[in-house]
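*Asks:* Listed in order, the protein sequences are those of chains A and B. Per our numbering, the first sequence starts with residue 105, numbered consecutively. Per our numbering, the second sequence starts with residue 134, numbered consecutively.
Since the hints were made in silico from the structure, they are not lab data. Just so you know, not all the hints are guaranteed correct.
Calculated cross-link-like contacts (lysine-lysine; reagent style BS3-like; alpha-carbon spacing at most 30 Å) [stated by the list, open to error]:
(1) A:K438 / A:K485
(2) B:K223 / A:K384
(3) A:K543 / A:K553
(4) A:K769 / A:K737
(5) B:K217 / A:K485
(6) A:K516 / A:K530
(7) A:K487 / A:K367
(8) B:K190 / A:K485
(9) B:K188 / A:K498
(10) A:K438 / B:K217
(11) A:K119 / A:K275
(12) A:K487 / B:K223
(13) B:K217 / A:K441
(14) B:K188 / A:K367
(15) B:K188 / A:K370
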Amino acid sequence: MANTIIRFPVLKRLKVSDYQLFPGTNGKGIDHTFERGVTVVVGINGLGKTTLLNIILRSLLGFNEPAKFDPYDPAAGSHKMVEKETEYFSSRTTNLAENARVEAEFAFGSDRLKIIRHLDTLAIEGLYLNDKSITGEQDELQHEIVKASGLATLYDFFYVVRSFTFFLEDKVSLIWNPSGQFEIFRILFFDPTKAKEFAELADKIKRKDSRYRNLRVYYNKAMEELKRTEARTGNKSTATEELRLKRVDVNQLEESDAAVRRKLEKALLGRTMILEQIQKTRLELEEDRRQQEGLLDSFFSRAFPDLPAIVSNILNHLDGDHGCLVCGTANPKKRHKFRDLAKQGVCPFCETHNIRTEKVGALTARAEGEINEIETRLQGKRKNLSALEAGLTKSIELVDALHGERATISSKLIAAQGELEQLEAKLPPSQEELDKKRKQLDSELREMKNLRLEIVKETKRYSTLLSEGRENIERLATKLTKSFQFYAGAFLAEKCNLSYREEKRRLGEEGELLSYPNFHVNMTSAVSPKMGTPRKEDTQVSESQKEFVDLAFRMALFDAVRQPKDGVMLVIETPEASLDSIFVKKAGDLLRKFGEDGKGEPNVIIASCNLNGTDIVRSLLGIDALDKEAVKKEVPKKIINLLKLAAPNAAVREDGKTYQAELDKALSK
Amino acid sequence: MLVFTTRVWLVFLVDAAYRAGLNPLSKRRVHRLVFLSNCLAPLFQATPNTAQIVKYKHGPFYPLIQWELDRLATMGVLTIDNLKYTNDDKGWWVSADYGAGQMMDPVLTHCRQSAYGQRLGDYLNEVVAGFASLRGAALDEVALRDENYNQPGATADSFIDFSEQEENFSLRTARAFRDVLPTNLVPTQKEELFLYMRFLEALVTKKTN
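All chains, please: the whole structure from these sequences, using the hints.
*Replies:* Structure below.
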């Protein structure tokens, strides 16, 4: 038997305040003192029965959870605890549970521990041991709660509370799940320090087993790759030659590409230079034309001052050899006609010598001289411009051709570079690279061997601890079996007892096959009424039998490990859910008896029940065994009536009276 | 093809100026608007009509565009008035005013039937609207303060080529405003254009003062 005394938490008083879900009567919330025996949390769907049970659970555990935990496969998890932020309580409100608090007072043996938590964060606001305040950081305060239980670690406390004391819908089955059963054995029957070492060893071995398997997959793959690579080294010379030739190709293409690029840059520069020259020549031409037009304009504008600008513009353009604005011709045929007419002093359109032209007179000799000079300059510039424009055309053609050439070379170069990369990838690595790879694989192989050795060594220690623990469990086997038979007999019509046998299981995927202590159920049946047959899985019994065999096992375990004067607590979620009508009465009777048993600290059973027409509430509270006076006096103390204490949902708002009448009927004598 | 594009560009510009209350447009102003609209075209994913220009004593001026302006006036798409030849220390200059001619509306209607014409028209409307929003005294000066026209190293008669976007200093400056604005304020193309015009106006004011 373990040296340390384990004290299970027993709820004495629960206060929930400022939580929207449970406003209570007159907004005072819930304040309930738990009496010896059964207390029923009664309500209908959606009123918060599960939430209230979770408030009790979380008042003990806070936001601490295992990093990985599956109630249906506890062996797959780890014992590492983490802080998990939870919005479970705040998300059920519209004020994020601001100021909501739970104040829960538990008995741990003869000690009293009062825990006050904020419901939104689950942080501990106050902690009192036997009315004496304890201060510290959150983890220190949580440690004090664990310490009160006598358990070695927070994980063990979590497991005992979550999987043993609480019998929730998503629970670890302690009778039908061998690894779940062994975990509670480890916690309850091993020496606490060894239980801790045992759990840590299990985690360590599983991690190493996983690392070993991963390494092996990688190693085998890398080894195969190395072998294939080594096999290719025979063709190395051919591949090297092919690679060499491809490198020559790529180099040549790179050179060609660079040469075309240089040509293109030069051609672009040439084109820009021509463009600049063209633009400048055009501006010079423009200036000369302007001057020529200006000189001629002095004649026409004096002769015809009212001529519309459009006509003057056409005339000046033609006259200044600036093109025909009417048809768009750059070099009109009769470009000198208008100038000649101007020289003669006649109308440029009807060629009449009239009073207007007479007044103005002919172009002066000076002006004519200037015009002729400009004409000569213009002719030269026009020729230059024509040559430049022809040069530009050629330059553009050259640039286009070089762009085309470069595109061709570039695509060939990209293709050749791709082929080169492929060849390089195919080429076996150098001897140096192969040696490096081999060394790496050797190192991984060494790590695998070391891991294997460590696993073997640690498994040996684990087996030793397991043997020690097994002895403790075997010593308790008789007591446990006897106790179970009593409780199961009260529940079940069939004869049912426990049988001890070793359960073989590997530690990790490929760990050593180890034998773990395990109790399984033997039960008689219609076809085997005298001799019980083993029922190893929960599918081998009915739904009612499954639940209550597990419950009977827990009661037997409590009896086996608790101190004679200590109380225990069982929190059961909707026990009626899986019971037929006969079982309802039996279950109620037994739970009530278990709750009222004990000469020292009282046992407390908290069961949440639906008002669904079954007799479970009546049965749990033992109404039939009480006289009228006792019902009136005692029963209200054992009821947490959510019809009155919880915020009414739509069903209660509509049919609250009917539900209350149903409850009153269930509680009536 | 380039001839037609140039003509469409000019018709849209003169029309936008007419709508913005800048009618008639002086010849000098037409060339400067053409220059600014060429510089900022990539801001609206438009292709400049021409991305090369020679820095000229009379300010931005395009001989080929002048020819097309006069052709459009002869065709009746634009009007031409106040034709005047002057000679001063900068040499001969022909001043003239251009406006919307009788044939402009059918030409515009035709141009706007294509997606290209529609987009170009919208862009040039934005440029002229930005330009017209500036102080009257600064209007003919802003092109002379433009970042391309005044790019580093550009002296009289320099050839300016902003056909590559990284060498388009006007565009780069217009896009740089987003770097100095608060991070949650991303300017639209139009806002970048207006901010750039205001920036040029500020440069003109600074020089005047």
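*Asks:* Indicate, hint by hint, whether the structure satisfies it.
*Replies:* Evaluated hints:
{"no.": "1", "hint": "A:K438 / A:K485", "verdict": "holds (20 Å)"}
{"no.": "2", "hint": "B:K223 / A:K384", "verdict": "holds (16 Å)"}
{"no.": "3", "hint": "A:K543 / A:K553", "verdict": "holds (15 Å)"}
{"no.": "4", "hint": "A:K769 / A:K737", "verdict": "holds (16 Å)"}
{"no.": "5", "hint": "B:K217 / A:K485", "verdict": "holds (25 Å)"}
{"no.": "6", "hint": "A:K516 / A:K530", "verdict": "holds (21 Å)"}
{"no.": "7", "hint": "A:K487 / A:K367", "verdict": "holds (28 Å)"}
{"no.": "8", "hint": "B:K190 / A:K485", "verdict": "holds (20 Å)"}
{"no.": "9", "hint": "B:K188 / A:K498", "verdict": "holds (26 Å)"}
{"no.": "10", "hint": "A:K438 / B:K217", "verdict": "holds (24 Å)"}
{"no.": "11", "hint": "A:K119 / A:K275", "verdict": "holds (25 Å)"}
{"no.": "12", "hint": "A:K487 / B:K223", "verdict": "holds (25 Å)"}
{"no.": "13", "hint": "B:K217 / A:K441", "verdict": "holds (23 Å)"}
{"no.": "14", "hint": "B:K188 / A:K367", "verdict": "holds (29 Å)"}
{"no.": "15", "hint": "B:K188 / A:K370", "verdict": "holds (24 Å)"}
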